[in-house]
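Please build the complex by placing chain B on the supplied structure of chain A, with the hints as guidance.
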Amino acid sequence: MANPLKCDLCAKPATVHLTQIVNNKVHKVDLCESCAQAKGVTDPSGFSLADLLLKASLNPEPSLAGVRCEQCGFTQNDFKKHGRFGCPACYEAFKTLVEPMLDNMHKGTTHTGKIPQCALARKSLYDRLTKLELDLTEAIKSERYEDAARARDEISQVKQSVPSNPKPAR
Amino acid sequence: MTIASLIDTPSELTDAASNKTAIVLMTRIRLARNIAGRSFPGWAKPAQREEILAVCRDAVAATSPMKRSLNITVGELSELEKQILVERHLISRELSGAKSGAGVIISKDQAFSVMVNEEDHLRIQVLRSGFQLKKAWNAINELDSALEEHLDYAFTPTLGYLTACPTNLGTAMRASAMMHLPALVISNQMEKVVRAVNQLGMVVRGLFGEGSDASGSIFQISNQTTLGESEAEIIKRLHSVLQSIIEHELNAREKLLEADAAKLFDKIGRAFGILQNSHVLSSGEAMNLLSLIRLGIDLSVFPDASRCVIDRLLIEAQPGHLQHAQKGEFEPGQRDLLRATRLRSEFANFVRPDFTFSTHGKN
Chain A
1 MANPLKCDLC AKPATVHLTQ IVNNKVHKVD LCESCAQAKG VTDPSGFSLA
51 DLLLKASLNP EPSLAGVRCE QCGFTQNDFK KHGRFGCPAC YEAFKTLVEP
101 MLDNMHKGTT HTGKIPQCAL ARKSLYDRLT KLELDLTEAI KSERYEDAAR
151 ARDEISQVKQ SVPSNPKPAR
Chain B
1 MTIASLIDTP SELTDAASNK TAIVLMTRIR LARNIAGRSF PGWAKPAQRE
51 EILAVCRDAV AATSPMKRSL NITVGELSEL EKQILVERHL ISRELSGAKS
101 GAGVIISKDQ AFSVMVNEED HLRIQVLRSG FQLKKAWNAI NELDSALEEH
151 LDYAFTPTLG YLTACPTNLG TAMRASAMMH LPALVISNQM EKVVRAVNQL
201 GMVVRGLFGE GSDASGSIFQ ISNQTTLGES EAEIIKRLHS VLQSIIEHEL
251 NAREKLLEAD AAKLFDKIGR AFGILQNSHV LSSGEAMNLL SLIRLGIDLS
301 VFPDASRCVI DRLLIEAQPG HLQHAQKGEF EPGQRDLLRA TRLRSEFANF
351 VRPDFTFSTH GKN
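Taken in order, these protein sequences are the chains called A and B.
The numbers in the working numbering rise by one with no breaks, and the one at position 72 of the first sequence is 72.
The numbers in the working numbering rise by one with no breaks, and the one at position 34 of the second sequence is 34.
Only chain A is shown next, with the shape it has when bound in the complex (with noise of 0.2 Å):
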């Protein structure tokens, strides 16, 4: 590195250089004189490194700058200034952007943890039963009656198998 570093959250020349180790990974962060006294790197107490990052790796990439989650309407540019996202499907959206952060913020990339079973076999059902549903139609419309009934027998079976006080949070 012949280059001087130059500060990871603007681009003046860095001349603070931080390495912390936060469960066996090594981070490292240059930052120039006055990102490091407002990001408060001189109080070792205070000073979270997770936070830090989240906003180091939001330095805009070229390749996202005019995605837009089409859920929700929320831009990179929103990310940048408000550092939460707009709706879950901004993760999808922005699935570029997100992955490279947390290997930096977590202990690990993939969720090890507690399933929603429930809502996950409630999310199952509703998606099997649209999709029979469309293909119900696309049978009638093409005039396929036996393809049509086996859709809607096997409607009101899966209709059966839900629980009766299911509403879906749309």
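None of these hints come from the bench; they were simulated from the model.
Some clues are possibly wrong.
[Said to hold, decoys possible] Part of the chain B face toward chain A, derived, beta carbon under 7 Å:
hint, residue
1, A36
2, P46
3, E148
4, Y153
5, G160
6, A164
7, T167
8, E229
9, S230
10, V241
11, T341
12, S345
13, E346
14, A348
15, N349
16, V351
[Said to hold, decoys possible] From the structure, some residues in chain A lie toward chain B, with a derived Cβ separation under 10 Å:
hint, residue
17, C10
18, D78
19, F85
20, A89
21, V98
22, H106
23, T112
24, G113
Glycine included, each C-beta is placed from N, C-alpha and C at the ideal position.
Quick look at chain B alone, frame taken from chain A:
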């Protein structure tokens, strides 16, 4: 249930102290949950927030721990009531500052609270006195599963529970313990402890979370990361970190007694004298004095039974509780007078310190 009756009801935090809660005052776990297909609270339009609030309030109120709970919107709470709930760790400062479309459901025993439309749609919390991570996890896990029967959580197999901030992805769980560490503070070891704890992936904060100071030598220690480990693994890791902090605190107490017992007893005795006789007490000073009395209880200078009195006073000396007790709003200067009066009367009949057992007992 009304907020006034809630404040005057015995609660997990104010009335469950015992010798088991000597160093870890309380254990707390919170889970962040969001409803699939809805904007997160910070991005949702006011009408969407109201909709989410209604759906979540109904679902939460229907669970069994929340029978006869306090179910209230932030708009219905006065400033003072909000402050009291923050002081009791039942709502966050962030929620208390929410404009509209936010609410909280608090169980009768104040062990459970569910904030709606804080940073995430749901922030489910359980609070247990003492060092009870596993029990707290079992309780919150059950409530979460009950809620999930009615609500479609935003979840993906790889990222786990989806949260507004990516730092909470995965389990979306923050487990924490509130610890009283006076000896580590007196012997200037806290900085070292904070650094070591940080390296183990845990965070140390003051009594009231992010950015609050550690008056009264009370700290919150919690996990920093949420993705890549199961809830059980996080809890196990936190448990062992807390265990080693407890050992360090106990060692520091031994050392203080060995090196200069008179100096330590002098601090405790003076704290007792000030609490009995002062006329102006700031919140910070009161916390520090009460902390020393609490240390005295652990060292058998005062009887064990006094611990729950101190733990109650640590809460009641807070500005919100103080003003509630006096039925009015007061300037900070007036509050310091009221606080001193309150503590003077409390300590007028307090058991006198007995230093003989401690000096001989510890040889």
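Taking the hints in turn, this is what the structure says about them:
no. : hint : result
1   : A36  : 6 Å, holds
2   : P46  : 15 Å, violated
3   : E148 : 5 Å, holds
4   : Y153 : 5 Å, holds
5   : G160 : 3 Å, holds
6   : A164 : 4 Å, holds
7   : T167 : 6 Å, holds
8   : E229 : 5 Å, holds
9   : S230 : 4 Å, holds
10  : V241 : 12 Å, violated
11  : T341 : 35 Å, violated
12  : S345 : 38 Å, violated
13  : E346 : 33 Å, violated
14  : A348 : 39 Å, violated
15  : N349 : 40 Å, violated
16  : V351 : 37 Å, violated
17  : C10  : 22 Å, violated
18  : D78  : 8 Å, holds
19  : F85  : 6 Å, holds
20  : A89  : 8 Å, holds
21  : V98  : 6 Å, holds
22  : H106 : 4 Å, holds
23  : T112 : 5 Å, holds
24  : G113 : 4 Å, holds
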